[in-house]
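A.B. asks: So the protein lines, in turn, are chains X and F.
Start counting the first sequence at 1; every next residue gets the next number (my numbering).
Start counting the second sequence at 1; every next residue gets the next number (my numbering).
A couple of the hints might just be wrong.
One-sided and incomplete, this derived list gives chain X residues near chain F with beta-carbon spacing under 10 angstroms [as the list claims (entries may be wrong)]: (1) Ala-14; (2) Lys-150; (3) Leu-156.
Since the hints were derived computationally from the structure, they do not count as laboratory data.
Positions of the beta carbon are idealized from the N, C-alpha and C atoms, including for glycine.
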Amino acid sequence: MKTQDIVLIALFTAITVVLGLMPPITLGFIPVPITLQTLGVMLAGVVLGAKRGGLAMLLLVLLVAIGLPVLAGGRGGLGVLAGPTAGFVLGWVPGAFVSGLLAERLAAAEKRPARQVVAFFLAAAIGGIGVVYAVGIPWLAFVAGIGFKKAALGSLAFVPGDLAKAVVAALVARGVHRAYPVLPGR
Amino acid sequence: MIGSLYIGGDSLLHRQPAWRKLLVLFAAGIVLFVVQAPEILAGAAVAAAAILATVRPPLRALRRQLTGVAIILAAIFAANAVFADWGTAFAMLFRLSTLVLLALAVTMTTRTSDMLEVVERVLQPLERTGLVNAARVSLAVSLAIRFVPEIFARYREIRDAQAARGLAGNPVALIVPLVVRTLKSAEEIAAAIDARGFEGAHPSGSASGRTGRQGGTAS
Chain X
1 MKTQDIVLIA LFTAITVVLG LMPPITLGFI PVPITLQTLG VMLAGVVLGA KRGGLAMLLL
61 VLLVAIGLPV LAGGRGGLGV LAGPTAGFVL GWVPGAFVSG LLAERLAAAE KRPARQVVAF
121 FLAAAIGGIG VVYAVGIPWL AFVAGIGFKK AALGSLAFVP GDLAKAVVAA LVARGVHRAY
181 PVLPGR
Chain F
1 MIGSLYIGGD SLLHRQPAWR KLLVLFAAGI VLFVVQAPEI LAGAAVAAAA ILATVRPPLR
61 ALRRQLTGVA IILAAIFAAN AVFADWGTAF AMLFRLSTLV LLALAVTMTT RTSDMLEVVE
121 RVLQPLERTG LVNAARVSLA VSLAIRFVPE IFARYREIRD AQAARGLAGN PVALIVPLVV
181 RTLKSAEEIA AAIDARGFEG AHPSGSASGR TGRQGGTAS
């Protein structure tokens with residue numbers, strides 16, 4: 001790994017922190033306010049690729065653990081990682097990795113614009129929603145003792161916002177890939 | 001730089017070494033999930049709140065860190081009260097509260113640098129395998145902290161420019177230039193770091209060098 005990779009990872013962690021600083025958006029048809037932080041999770045994967053994207057999120061988790069208020073709303077510290085929703089934060093690491101993996105395979109070399117956007121969307125949604133929830137929901141169910149079904153039901157409120165973010169992530173990924181591609185292709 | 005959640009002071013907790021606090025917190029996490037009696041867990045929650053109080057945290061910081069988790073704990077309490085029983089609901093509420101309050105107390109009394117030192121020590125065995133390199137981890141941490149304000153300033157600049165073009169509220173028009181400019185700056189930053197002779201990124205680095213193949217395996 002070159003110095004530039006370390007710098008890219010650190011800068012993307014910083015971008016994800018900055019996205020969490022934006023005020024949450026409230027949309028009428030979505031029950032919970034949306035923060036843009038998880039957009040950063042999706043973007044880390046689809047822009048940097050699997051390895052660097054996953055490491056950027058691992059770095060973010062490390063910043064949380066050492067006591068920095070880097071999560072949306074100025075939260076952070078071990079209280080977050082000891083809380084019942086820690087799985088949704090820890091899930092960012094494999095989530096960004098999977099997003100990156102899919103983006104590398106499906107989107108990086110795709111020439112047709114519409115197909116590339118769709119491929120980026122799938123990568124962002126499967127990694128940034130599917131994988132993150134696959135870690136967060138069982139974690140919540142176990143830690144809170146409320147069972148898998150109820151944990152999943154409670155998380156459902158966040159899905160519409162996350163899908164909207166995956167659309168934004170796909171469009172951003174395509175724009176970035178055209179202007180300054182760093183995504184490893186295959 | 002971004003401020004940390006550390007709160008200066010001289011409480012008993014402040015004076016403990018970071019590793020000891022983390023070890024106790026870890027042990028408490030295990031014990032709390034073994035204990036089932038709501039009465040004992042209630043005592044633990046009161047004790048945890050008392051410990052956090054000795055740190056004398058500002059109310060604003062407490063509110064910011066605890067509001068979100070309080071809402072989730074209330075929802076979990078309600079779910080357990082409806083679908084299980086009051087005993088289970090209270091036990092879970094006190095258990096999770098204790099854990100969160102203790103963890104917050106550790107974070108608020110431990111400097112970021114001390115926490116990072118523990119992380120580095122934990123990583124040491126992994127470093128021998130060549131999987132991680134403490135010098136790189138430290139570099140990445142300090143770079144991320146250093147560039148948050150800069151990227152935030154860049155974000156505000158782009159936001160104002162796009163608003164002037166009538167693109168306010170278009171997240172794609174805002175984030176694409178933010179990401180592209182940030183990625184481009186990485187090249188310069190990396191060149192500057194290499195010019196200063198940062199060793200962690202190369203297999204020959206003396207900071208990591210014990211055996212020949214260190215670091216090279218991770219590239």
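A.B. asks: Would you mind marking each hint as holding or not holding in the structure?
C.D. replies: Each hint tested on the structure:
| no. | hint | verdict |
| --- | --- | --- |
| 1 | Ala-14 | holds (4 angstroms) |
| 2 | Lys-150 | holds (5 angstroms) |
| 3 | Leu-156 | violated (13 angstroms) |
Hint 3 alone, counting from the list given before, is not met by this structure.
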